[in-house]
Amino acid sequence: MESAFNHPSQAPRLAAERPKSSASGAGSSVFSLGSVVWFHRLTIEQRVLAGFSLVFVGILIISAISYHNTSILLTNSELNGRSHDLIQLLNNIDTAMSEAEDAHRRYLVTGEASYLEIYKKVVKQKPTFTTYLNDLIRESPEQQQRAGLLDRMMDRQLSAESKATAQFQEGGFRAVKKMAFEGAGKRELGVIHQVITEMDAHERQAVGRRVAESAAGTRNTIVLLGIGALLQLVLLASVYYLIRHDITEGRRVAEELQRRGELLEAANKELESFSYSVSHDLRAPLRHIDGYAVLLRNSVEHSLNDKAARYLQTISDAAKQMGQLIDDLLVFSRMGRQEMLRTAVNLDQLITSILSDLRLDLQARAISWTIAALPEVQGDPTMLRQVFMNLIANAVKFTSTRSIAAIEIGVEHPSSTEIVLFVRDNGVGFDMQYAPKLFGVFQRLHRADEFEGTGIGLANVRRIVHRHGGRTWAEGVPDKGATFYVLLPARRLDS
Amino acid sequence: MTVAKPILLAEDNPRDAELALAAMEAEHISDKVVLCHDGAEVLDYLYCRGQFKSRQRGNPAVVFLDLKMPKVNGLEVLRTIKADANLRPIPVVMLTSSREERDLADSYALGANAYVVKPVEFHKFLSAVKELGTFWGIINEPPPESCRSTQ
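Note that the protein sequences, when read in sequence, are chains A and B.
So in the working numbering, spot 10 of the first sequence is number 10, and the numbers just go up one at a time.
So in the working numbering, spot 96 of the second sequence is number 96, and the numbers just go up one at a time.
Note that these hints are calculated values from the structure, not bench results.
A portion of the hints provided could be inaccurate.
Unchecked claim - No more than 27 Å apart at the CA atoms, straight line, and that leaves these computed lysine-lysine pairs for DSSO-like:
id, chain 1, residue 1, chain 2, residue 2
1, B, K124, A, K307
2, A, K124, A, K186
3, B, K68, A, K269
4, A, K320, A, K437
Since the model is a prediction, treat every value here as computed from it, not as a measurement.
Work out the full structure: start from the sequences and follow the hints.
What follows is the structure, encoded as structure tokens:
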């Protein structure tokens with residue numbers, strides 16, 4: 001049975017080629033881009049979105065790193081400012097402590113009150129120094145240790161000197177002579193110098209380290225920004241390329257489609273003018289053959305014997321037959337290119353009207369009709385009428401040898417997606433081995449003297465049903481009858 | 001038979017012309033038939049020029065027009081006739097082999113009065129031509145002549 005519709009006509013084959021070639025067009029674009037396969041599953045919108053997302057993420061990462069680097073830079077510069085303050089403070093402390101030592105010795109030697117004042121000023125300054133110092137080194141444990149030592153030494157130096165000053169006031173120069181020359185807190189001052197030098201060195205080192213760190217950070221930021229800008233440029237360029245490629249591709253496809261459309265139109269035009277020529281020029285000689293045969297018969301009527309008369313009749317019959325063939329062929333060709341309507345077709349009404357058209361042919365016949373209630377289908381009313389006209393006329397023709405012909409029109413397996421209609425007769429039937437030939441153009445299973453016909457009716461049926469997106473097939477048993485099936489899609493095709 | 005006016009038959013194929021004339025002969029109207037072999041000759045006849053310069057003035061009773069003709073085709077002749085106020089009343093019958101819908105539509109759009117497809121079968125052709133000749137040449141009353149009165 002399969003082979004019955006394994007015989008595609010020209011129109012579906014053309015239609016089947018179209019998607020194949022468009023797919024190969026899309027394939028070439030995949031290879032021409034030569035990048036990751038999954039990327040090509042995305043639509044152009046998704047690709048552009050992905051591209052811009054990457055750019056966005058890139059900008060975010062670079063901004064974050066730059067922010068981080070800049071804040072380090074800021075912190076370092078703040079720390080450096082404090083370090084400079086600390087270095088300044090240490091310098092001041094160093095100077096003040098030296099001054100105190102110097103002033104108290106001068107007082108011990110001279111007893112001059114102004115020297116005592118200078119000394120006392122330093123003593124008064126000392127707590128401020130301590131507070132300030134502790135504030136500046138609060139984040140560095142190493143410096144805090146040194147500062148502790150420094151503070152103790154300062155206290156010891158100052159208290160030793162105070163003690164010497166007090167002895168001087170009680171006992172005079174003599175009592176403090178030794179201290180006046182050597183200095184009461186000379187040893188402490190030495191330690192102070194040393195601690196201050198250490199702290200100063202430590203702080204300068206830290207400043208140096210931070211400056212280096214900041215410079216490296218700045219350099220990194222600059223490099224990063226450069227790389228980022230470059231990356232974004234590349235990404236933007238690829239997005240641009242994608243969009244442009246897509247537009248170019250779209251344009252190319254459109255052009256290709258237009259070109260194919262033009263070719264198809266040209267082919268259709270050619271076909272049209274071909275069948276126009278057939279209809280015009282092929283009929284004329286046939287008319288002449290028949291015409292002159294008749295004229296000949298008329299002019300030699302009296303001397304014409306039976307044999308000659310039969311010859312002339314055969315010439316005429318042959319010409320008429322060819323005329324019929326040409327007409328049928330033109331209808332067949334028109335069915336292939338004619339614009340199709342899509343409307344609801346009431347099959348019940350259609351069958352009734354066909355039977356009323358066949359009335360005259362049916363007058364002398366005894367036919368028992370069984371016609372089921374038929375559904376409404378979507379399609380071209382004129383074309384579908386041709387389908388059922390051909391099928392019913394065939395059934396009537398091939399049951400002509402039956403004393404009582406039985407013809408059944410019905411519907412099988414009605415489903416939501418397709419409708420299978422059939423026309424069954426108890427006529428001469430056919431051998432299933434010839435089933436594949438049934439729907440071909442000019443294919444006949446019976447001799448011309450058995451049943452008349454040009455062999456184009458079923459070809460028309462198949463062509464029309466194919467154009468409706470359906471299928472045709474037939475089942476038959478010789479001398480028992482035949483059933484012709486027409487499958488039509490239940491829903492409107494979006495073609 | 002009082003066929004006052006000629007029947008103009010435009011037919012480029014001599015066989016078709018002969019068959020048509022044979023058909024009209026049976027109705028005894030063939031002597032009224034003027035045969036033109038292409039569209040240009042039809043126009044020459046209608047405008048009384050060329051080989052028809054000295055013909056008797058007056059429009060034909062009917063023009064039988066083939067579609068496919070050399071030089072000027074049937075549709076072009078039809079267009080010229082129906083665009084001319086003097087010629088427009090002449091009945092024009094398209095007599096052609098073409099069953100094409102396009103030809104039918106074009107012919108009627110241009111103002112053809114009838115469209116007849118030449119049957120392949122000679123008997124049918126015969127009766128068609130006879131009927132056409134009889135109807136348009138004898139039965140039908142042609143429009144009042146404008147050319148005749150001016151001659």
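Is the straight-line distance between the alpha-carbon of A:K320 and that of A:K437 27 Å or less?
Status holds; Cα separation ~25 Å.
Holds or violated: B:K124 with A:K307, Cα cutoff 27 Å?
Distance ~24 Å between B:K124 and A:K307 Cα, so the pair holds.
Under the criterion that the straight-line Cα-Cα distance not exceed 27 Å, is the pair B:K68, A:K269 satisfied?
Judged against 27 Å, a Cα distance of about 18 Å means the pair holds.
Pair hint outcome, A:K124 versus A:K186 [Cα-Cα no greater than 27 Å]
holds, 20 Å
Going through the hint list in order, the structure satisfies each hint without exception.
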